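Engineer: So you can see what is in the structure, the chains are spelled out below.
Protein chains: 2
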Amino acid sequence: MDEPATGTGRGRASGDATAGDATAGGGPVLRVALLGCGVVGSEVARQLQEQQDELAARVGARLELVGIAVRRPGRTRAAGVDPSLLTTDADELVTRADLVVEVIGGIEPARGLVLRAMEHGASVVTANKALLAEDGPRLYAAADAAGVDLYFEAAVAGAIPIVRPLRDSLVGDRVERVLGVVNGTTNFVLDQMDTTGADLGDAVQEAQSLGYAEADPTADVEGFDAAAKAAIIASLAFHTRVRAADVHREGITAVTAADVAAAREAGAVLKLLAICERTGGGDGPDGAPEGVSVRVHPAMVPREHPLAGVRGAYNAVFVEARGAGSLMFYGQGAGGAPTASAVLGDVVAVARHRVGGGRGSSESAYADLPVRPMGEAVTRYHVRLEVHDRPGVLAQVAQVFADHGASVETVRQTPLGGDAQGAAALVVATHEAPDAALAATVEALAASSAVLGVTSVLRVEGV
Amino acid sequence: MDEPATGTGRGRASGDATAGDATAGGGPVLRVALLGCGVVGSEVARQLQEQQDELAARVGARLELVGIAVRRPGRTRAAGVDPSLLTTDADELVTRADLVVEVIGGIEPARGLVLRAMEHGASVVTANKALLAEDGPRLYAAADAAGVDLYFEAAVAGAIPIVRPLRDSLVGDRVERVLGVVNGTTNFVLDQMDTTGADLGDAVQEAQSLGYAEADPTADVEGFDAAAKAAIIASLAFHTRVRAADVHREGITAVTAADVAAAREAGAVLKLLAICERTGGGDGPDGAPEGVSVRVHPAMVPREHPLAGVRGAYNAVFVEARGAGSLMFYGQGAGGAPTASAVLGDVVAVARHRVGGGRGSSESAYADLPVRPMGEAVTRYHVRLEVHDRPGVLAQVAQVFADHGASVETVRQTPLGGDAQGAAALVVATHEAPDAALAATVEALAASSAVLGVTSVLRVEGV
Chain L
1 MDEPATGTGR GRASGDATAG DATAGGGPVL RVALLGCGVV GSEVARQLQE QQDELAARVG
61 ARLELVGIAV RRPGRTRAAG VDPSLLTTDA DELVTRADLV VEVIGGIEPA RGLVLRAMEH
121 GASVVTANKA LLAEDGPRLY AAADAAGVDL YFEAAVAGAI PIVRPLRDSL VGDRVERVLG
181 VVNGTTNFVL DQMDTTGADL GDAVQEAQSL GYAEADPTAD VEGFDAAAKA AIIASLAFHT
241 RVRAADVHRE GITAVTAADV AAAREAGAVL KLLAICERTG GGDGPDGAPE GVSVRVHPAM
301 VPREHPLAGV RGAYNAVFVE ARGAGSLMFY GQGAGGAPTA SAVLGDVVAV ARHRVGGGRG
361 SSESAYADLP VRPMGEAVTR YHVRLEVHDR PGVLAQVAQV FADHGASVET VRQTPLGGDA
421 QGAAALVVAT HEAPDAALAA TVEALAASSA VLGVTSVLRV EGV
Chain U
1 MDEPATGTGR GRASGDATAG DATAGGGPVL RVALLGCGVV GSEVARQLQE QQDELAARVG
61 ARLELVGIAV RRPGRTRAAG VDPSLLTTDA DELVTRADLV VEVIGGIEPA RGLVLRAMEH
121 GASVVTANKA LLAEDGPRLY AAADAAGVDL YFEAAVAGAI PIVRPLRDSL VGDRVERVLG
181 VVNGTTNFVL DQMDTTGADL GDAVQEAQSL GYAEADPTAD VEGFDAAAKA AIIASLAFHT
241 RVRAADVHRE GITAVTAADV AAAREAGAVL KLLAICERTG GGDGPDGAPE GVSVRVHPAM
301 VPREHPLAGV RGAYNAVFVE ARGAGSLMFY GQGAGGAPTA SAVLGDVVAV ARHRVGGGRG
361 SSESAYADLP VRPMGEAVTR YHVRLEVHDR PGVLAQVAQV FADHGASVET VRQTPLGGDA
421 QGAAALVVAT HEAPDAALAA TVEALAASSA VLGVTSVLRV EGV
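If you read the protein sequences in the order shown, they are chains L and U.
Note that the first sequence covers residues 1 to 463 in this note's numbering.
Note that the second sequence covers residues 1 to 463 in this note's numbering.
Please keep in mind that the hints were generated in silico from the structure rather than gathered at the bench.
Please read these numbers as outputs of a predicted model, since none were measured by experiment.
Just to be clear, a hint being listed does not mean it is correct.
[Stated by the list, open to error] Partial pick of chain U residues on the chain L-facing surface, computed with a CB cut under 10 Å:
| hint | residue |
| --- | --- |
| 1 | Glu54 |
| 2 | Arg111 |
| 3 | Arg249 |
| 4 | Thr253 |
| 5 | Arg322 |
| 6 | Thr339 |
| 7 | Gly345 |
| 8 | Pro370 |
| 9 | Pro373 |
| 10 | Gly375 |
| 11 | Arg459 |
| 12 | Val463 |
We put the beta carbon where it would ideally sit given N, CA and C, even for glycine.
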């Protein structure tokens with residue numbers, strides 16, 4: 001047995017006579033209820049069955065799947081799902097489990113069921129990023145009140161352990177910044193655009209045909225999925241409550257082939273990043289107010305940066321901590337098996353607590369830092385303009401940057417041939433500045449008489 | 001407070017009157033004893049001081065450093081180390097702590113002190129890879145007997161969370177294979193050789209002048225350090241006891257500039273890998289007996305593989321699991337601050353258990369798989385030969401491979417000019433085969449009348 005049964009966590013396996021009687025071989029048993037039986041749910045059910053002995057050896061108690069709540073029990077299920085376990089009465093099911101696995105997704109009925117499960121003393125493992133990012137504090141409070149575990153490794157970046165490293169491994173350190181490629185669909189799309197030169201529409205279609213994107217890709221391409229994950233990551237990294245609604249969100253729908261080309265020209269690659277960083281408090285640039293900046297937007301990442309090598313539908317989370325330095329966690333961010341792996345890891349961890357007593361980490365929000373508005377976020381811009389090819393234009397453009405307190409790091413001017421006779425392209429990279437100043441600069445540039453058009457505006461991260 | 005004090009773990013902070021009295025502000029206190037005050041130890045001491053309030057908020061109890069055991073108290077210490085805490089009586093110190101941090105390293109006196117600490121009911125956090133790889137099971141047993149935690153994230157790959165992911169995150173999955181770049185010194189040396197064409201001696205000197213290598217680099221370049229880490233990783237990944245002595249070990253001392261060049265020619269890079277894999281049981285090639293293969297040796301890794309991008313003194317651990325698929329953990333594998341970060345993460349985790357009751361994961365060795373000899377390890381060879389440039393030589397060489405059951409995947413022949421008139425270079429890449437067969441093939445090749453010399457023999461991984 002992995003754990004000596006010395007603890008007194010409520011609902012301990014060995015104290016669970018009812019379930020104990022249910023075993024053939026006797027020995028402690030933990031009753032597991034599964035809510036939802038889609039791609040992830042059916043994989044979890046299958047693994048609980050197939051790996052039963054190994055999991056029992058690792059937990060120190062047998063995990064008995066006592067029911068699977070579904071909406072349509074008649075529907076045909078994946079192999080390995082015992083039809084006799086299916087029920088439509090989720091409310092009843094959660095009251096007879098030591099451990100509830102929620103993979104329904106969405107806010108309701110998931111929230112009600114998770115709260116009800118904890119009220120009845122069950123520990124909960126969920127993959128529900130939307131629910132955690134929407135109403136996390138309420139769930140944490142319910143877990144504390146009930147003295148049970150609430151685990152959710154699968155909610156962020158699928159099988160990649162990122163919740164546990166942030167919650168536990170780095171808990172003795174000070175996380176300064178997290179840059180995440182946390183949405184596989186958009187990473188696949190941007191990677192396609194980068195490698196094949198395809199435009200957004202074609203790349204999205206390709207992703208759909210390969211099953212990397214939903215028929216309605218809104219949640220991914222508009223950055224909602226990444227924003228929910230950013231909120232969860234920021235909450236864990238900064239011991240501060242951050243909700244999805246607090247996250248500045250820009251998807252990839254405005255990204256053009258020209259943007260991707262501009263990034264390539266600059267020796268960079270375009271990624272949709274979830275960015276969580278501390279501001280002020282001596283860590284940010286002087287004068288920045290203390291708080292956290294949490295945002296999701298496309299950004300240019302230098303090809304040398306470890307995140308630039310994250311291809312296809314893979315995910316990676318890059319962490320900068322004061323002591324640990326730079327860390328990166330890389331792997332498959334979605335899919336039935338990877339997500340089920342993360343769920344089962346939490347199931348075993350939570351089950352071990354039931355057997356051995358005690359609980360894992362619960363919410364830590366003591367720092368309570370304010371979430372700063374996007375305008376205050378310190379970033380760099382990479383702007384491509386088309387201007388009149390005549391003397392004085394560069395000075396005129398440079399003045400616009402100066403007027404808005406944005407300082408230019410490099411500028412490259414190239415005459416445009418063909419139909420664009422008399423025009424030139426200007427590619428300007430700025431130094432760090434507040435986003436508001438840079439945005440205002442771009443606005444002024446667009447209005448400047450020297451400028452024919454602003455063809456690409458990209459933020460730069462990871463330099 | 002992060003954890004409600006509902007547990008009954010022995011030596012609970014709130015039950016610790018003595019230490020309780022010691023606080024100014026009152027509230028629960030955990031007494032921390034530090035063994036060793038070198039680069040890591042002094043950093044841990046400094047952080048415990050500097051981050052006192054943050055750590056208290058995360059733990060739910062104040063961490064009070066009650067003593068630092070050193071051999072020479074007179075020696076000048078890093079800033080932030082309170083001289084009044086120094087003591088030479090480590091045996092006494094460990095008896096008055098709730099939590100002992102061991103960063104002395106080596107087998108004795110570390111082992112005796114850790115065992116004594118646990119007998120007295122203290123939880124232990126150690127960075128001592130040598131001790132764990134030498135005598136882990138005895139330490140785990142002592143921790144179980146005492147009902148305390150034994151944590152050691154810092155023992156493998158410094159600040160990179162790898163112990164926790166293997167122990168907890170992937171505990172619901174089946175790990176098939178781990179490839180690790182776990183020694184920063186040798187990775188720096190091989191990276192130098194690859195990028196500058198330097199030979200081994202110069203690269204090692206460079207590493208020494210930059211502080212990446214010890215004056216006596218034996219432990220690193222001969223692979224002892226990596227072997228100890230491989231033993232720990234394999235034990236965690238396969239729920240099986242593996243000792244450093246069980247690990248097949250080849251360092252980088254035999255690596256030549258020619259090997260590095262051969263790798264580059266083949267579109268690969270040379271890395272010293274810690275390789276832990278399941279064999280047989282349906283997972284390995286047919287007929288392979290069930291068990292684990294644990295080895296450390298230089299290997300060619302294709303440039304496209306995520307591990308190939310691990311530059312300089314960085315570390316990375318690449319994990320292949322049945323459900324999770326491919327994962328990689330990347331970061332700084334050594335250094336005072338990164339290692340201290342891992343130690344402090346464990347300190348907080350262990351301290352939370354003292355406050356909240358219960359324990360973390362303990363040893364899981366139920367699988368008890370046999371460690372297979374190197375000869376059975378299934379690998380691929382990349383061999384460079386110089387042969388007589390005459391008809392029939394290729395057939396003769398191919399026959400040698402066939403005779404030993406090693407099948408050739410590709411062969412490239414190029415005439416050698418200059419002094420080597422009448423000679424040609426043959427570069428042969430094999431398919432997978434047991435290491436013994438490939439080694440015997442190379443021996444036979446060296447003895448073959450067709451072969452002038454075997455100039456490079458490299459194993460290939462990650463293809």
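Engineer: The structure should be examined with respect to each hint, and the outcome stated for every one.
Structural biologist: Against the structure, the hints come out as follows:
1. Glu54: Holds, about 7 Å.
2. Arg111: violated (22 Å)
3. Arg249: violated (27 Å)
4. Thr253: It is violated, given that the least Cβ distance between U:Thr253 and chain L is near 29 Å, above 10 Å.
5. Arg322: holds (8 Å)
6. Thr339: holds (9 Å)
7. Gly345: For U:Gly345, the interface hint holds, since the closest Cβ of chain L sits about 4 Å away, which is under 10 Å.
8. Pro370: Hint on U:Pro370: violated, closest Cβ of chain L at ~17 Å, above 10 Å.
9. Pro373: Violated - the Cβ of U:Pro373 stays beyond 10 Å from chain L, reaching only about 26 Å at its closest.
10. Gly375: This hint is violated: U:Gly375 lies away from chain L, its Cβ roughly 29 Å from the closest one there, beyond 10 Å.
11. Arg459: Violated. Min distance 24 Å.
12. Val463: With a minimum Cβ separation of about 17 Å from chain L (threshold 10 Å), the hint on U:Val463 is violated.
Comparing the model with each earlier hint shows violations of hints 2, 3, 4, 8, 9, 10, 11, 12; every other hint is respected.
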